[in-house]
Amino acid sequence: MGVPTVGMALLPSYATIGILAPLLLVAFRILQGIAIGRQYSGSVVILVEAESSLYAKAKAGVNVITSAFGGILMAIITFQVTRYLIPDETMANGGWRILLGIAIILVVLSFFIKHSGEQKKSQKSDISLTKIIIKNYKSLVYMILLCFPGAVVAYFQITILPNIIKQILKQVDVNVAILTTISIIMFIITCNIAARLTKYFKIKTITAFGLVLMIVLSLPMYALYKANNNLLIVFFVVMGAVFGIFYGNIMVLFTECLPKEIRYTGFALAYNIGFGVFGGLLPFLCFFLAETVSDYTAIGIICISAIVGLITLYKLKTLRIL
Numbered sequence: 007m008g009v010p011t012v013g014m015a016l017l018p019s020y021a022t023i024g025i026l027a028p029l030l031l032v033a034f035r036i037l038q039g040i041a042i043g044r045q046y047s048g049s050v051v052i053l054v055e056a057e058s059s060l061y062a063k064a065k066a067g068v069n070v071i072t073s074a075f076g077g078i079l080m081a082i083i084t085f086q087v088t089r090y091l092i093p094d095e096t097m098a099n100g101g102w103r104i105l106l107g108i109a110i111i112l113v114v115l116s117f118f119i120k121h122s123g124e125q126k127k128s129q130k131s132d133i134s135l136t137k138i139i140i141k142n143y144k145s146l147v148y149m150i151l152l153c154f155p156g157a158v159v160a161y162f163q164i165t166i167l168p169n170i171i172k173q174i175l176k177q178v179d180v181n182v183a184i185l186t187t188i189s190i191i192m193f194i195i196t197c198n199i200a201a202r203l204t205k206y207f208k209i210k211t212i213t214a215f216g217l218v219l220m221i222v223l224s225l226p227m228y229a230l231y232k233a234n235n236n237l238l239i240v241f242f243v244v245m246g247a248v249f250g251i252f253y254g255n256i257m258v259l260f261t262e263c264l265p266k267e268i269r270y271t272g273f274a275l276a277y278n279i280g281f282g283v284f285g286g287l288l289p290f291l292c293f294f295l296a297e298t299v300s301d302y303t304a305i306g307i308i309c310i311s312a313i314v315g316l317i318t319l320y321k322l323k324t325l326r327i328l
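In the numbering used here, the protein residues as written are 7 to 328.
Hints may be right or wrong, so weigh each one.
What the hints assert, rightly or not - Listed next, the in silico BS3-like pairs over lysine-lysine satisfying Cα-Cα at most 30 Å (straight line):
# : residue 1 : residue 2
1 : LYS65     : LYS232
2 : LYS137    : LYS266
3 : LYS141    : LYS210
The hints are simulated quantities; they were obtained by calculation from the structure and are not laboratory data.
Produce the entire structure from the sequences given, and follow the hints as far as they go.
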């Protein structure tokens, strides 16, 4: 993933190479997606499978979530610090390349980490992708559907809510970066709480409780904020907490719903399709609804996704311990 990121940092401008510049940018983004699609889903399976107890699996899953959203949090903070240190004119004229150029350091570090230890030669699987899909299509479909509320959690916190506030409600004086930072911190905290709750409750129960809260609280909390703009931070804090309760154990559900021998491929296939489709459509759909119908309909997508999640959750084939 670091190589295409460095490629974007060094990418010549449109004035220099013309139409080739945006084409290369799209190509680099595709390569990023391919890289993270393989690495992220694979790391989840490896970490969760390595644990024996349910609580340990939940902790492993939440560690992956924390690292992913922690990375987003650090990106937001780094961007804000860079904007503070670098004038807007300089940033527009190429200063943005500094943030992407930092990936050069990460590429070098990852190379040494990867090649520092003795590696086992991977064995090629004889199971075809077609057989995996045919034999486990129900679990794959359920995983993809459960990615709907999962994508809502990610995109609403990072993209959709901040842009609704800025672009739709025209509250340009609101610092959405601070609000997003607070929301993600609360989200990470409640994800860890959700993992700890697996000592006392089933994972499905905890996840379902989070989905119910998404249905019950999303629109009322948004209406409360619309009635009093000073409560905007409360809205972000509450939604971050609710999202965390639902999302905290989702990686264990995903990992355990497929047979062990095809878990790596099955997880990657369903997870990347689900987040690719729903994550790609959500921003367009929500902004379209907010502009043409009402901003409440955009927030209502949270409730719809949670309903889909609840229906899917209890049809998902998982181990009995969940």
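Taking the hints in turn, this is what the structure says about them:
Proximity of LYS65 to LYS232 is assessed by CA-CA distance (about 37 Å); at most 30 Å being required, the pair is judged violated. Of the supplied pair hints, the one linking LYS137 and LYS266 holds, its CA atoms being roughly 15 Å apart against a limit of 30 Å. For the hint pairing LYS141 with LYS210, the CA-to-CA distance comes to about 24 Å; that is within 30 Å, so the pair holds.
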